[in-house]
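Spelled out, the chains give:
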Amino acid sequence: MIPAAFEYTRARSLADALKAAGTRGTKVIAGGQSLVPLLRFRLAQPSVVVDIGHLPQLQGIKRAKQGTVIGAATTYRDLLDSKLLHNTHPIIAETTAGIGDRQVRNRGTIGGGLAHADPASDMPAVVLALDAVLTLQSRRGKRSVPARKFFKGPFATAMKKDELLTEILLPFLPQGAGTAYESFEQAASGYALVGVAAVVAVSGGAVTHAAVGITGLADTPFFAASAAKLIGRTPNKEILRAAAAAAVEGVSANEDIHASAEYRLHLARVAVRKALTTAAGRAG
Amino acid sequence: MTQTITLNVNGQALKAQAEPRTLLVHMLRDELNLTGTQVGCDTSQCGACTVLLDGRAVKSCSVLAVQAEGHKITTIEGLARDGTLHPVQQAFWEKHGLQCGFCTPGFVMTTVELLRDNPDPTEDEIRHALEGNVCRCTGYQNIVAAVRSAASALRGSRRPGAAVSGG
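Chains as they are written, first to last, in our numbering: chain C, 37 to 320; chain A, 126 to 292.
Since the hints were made in silico from the structure, they are not lab data. A virtual CB, placed ideally from N, CA and C, is assigned to each residue, including glycine. There could be a bad hint or two in this list.
Going by beta-carbon spacing under 8 Å, a handful of chain A positions derived as facing chain C [stated by the list, open to error]:
| no. | residue |
| --- | --- |
| 1 | Ala-141 |
| 2 | Glu-144 |
| 3 | Asp-167 |
| 4 | Lys-184 |
Only chain C is shown next, with the shape it has when bound in the complex (with noise of 0.2 Å):
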């Protein structure tokens, strides 16, 4: 199908940008890869969508003194080829190389697909396990919100209506973790049925930090708060498997065509337990 009409103008300053995030009738497009399909499909029907993608100000990745900044309009493909953020944290990488295709990767963004906020997509279990901040910026003025309180439902997240996602600081993992990302995707759209990011880091043989992020799931994306538990366990076979089945506990699991609850409730446990145990076998 061929979008509904509309006007297309380019910010060219981040004022700009702020100014069309706060106006009714606007959309921000950046990549435009989940926007455009919502053109298309005339499930957006914006009066004026206004280009962010090409602003310097929302572009790289670099580091800071809390840990690694990613600005929102980073393309995934920019985030697979930084060798900084290779270094600090591995896992975006290793899942962002899962995120689409190469052609979508090209061009979609990173603040873009969080925005968006797909109960479905990956990157929201990693910023929810690296307690990742997210910057909101409107012409009111800057704030910043945990990852952990950003996600509200399928495709709402907690940015006013007149608020930009305009950075991700990715705070340096602790001392000697490791990380994963383990998903079982819906074969025919790549999207997860459930996705799983973990934080492990252990000291003398016992877990010193746990953090997971789940996607796919329920229809948040959400922060299992039970894996700190682990904190002070061995990190063994039995322990990790019951600390998966602990992560799932009491879950509102989402049920389609694609996978029964008590479907995804299994395959979230497998994918905990196996990314919490790669996790563990990196760190160190």
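With chain C held as given, fit chain A onto it using these hints.
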């Protein structure tokens, strides 16, 4: 309302008219008569519309034509030089990397980008790179063979003194 878009297509600077809602693939096909780029699905999945935007493979059904303003586009028509097929095109021909041919321009464009980034990909790397291109005829075996053959031909052409292929 149509806008004038200034861009470079296959090495040629030109102006084209498009509404903001026009998809790049439709401008290429309907305005510029570059019908080698195909529309194979309506869901951004098939990759038949793949072109290079500033050297990177993109699905031209998922880019607005106005977003190409000021950028360089390479389509399948831009690969052959003076009647000589690009090594990737030649390899798809020689290795029977196509049957009906509908998806082929997309596969060729993605392959051109892949081999620029990675001149000697493994079979796994080839299959991963071509995940966004769907072929309903070949079963992919011959496509992978074609990519390997093209990689080898391109590596050969990069030897000192050998002609460097364009595209």
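Requested in this report: Find the hints from earlier in the document that the structure breaks and name them by number, from lowest to highest.
Outcome: Number 1 - this is the single hint that the structure violates.
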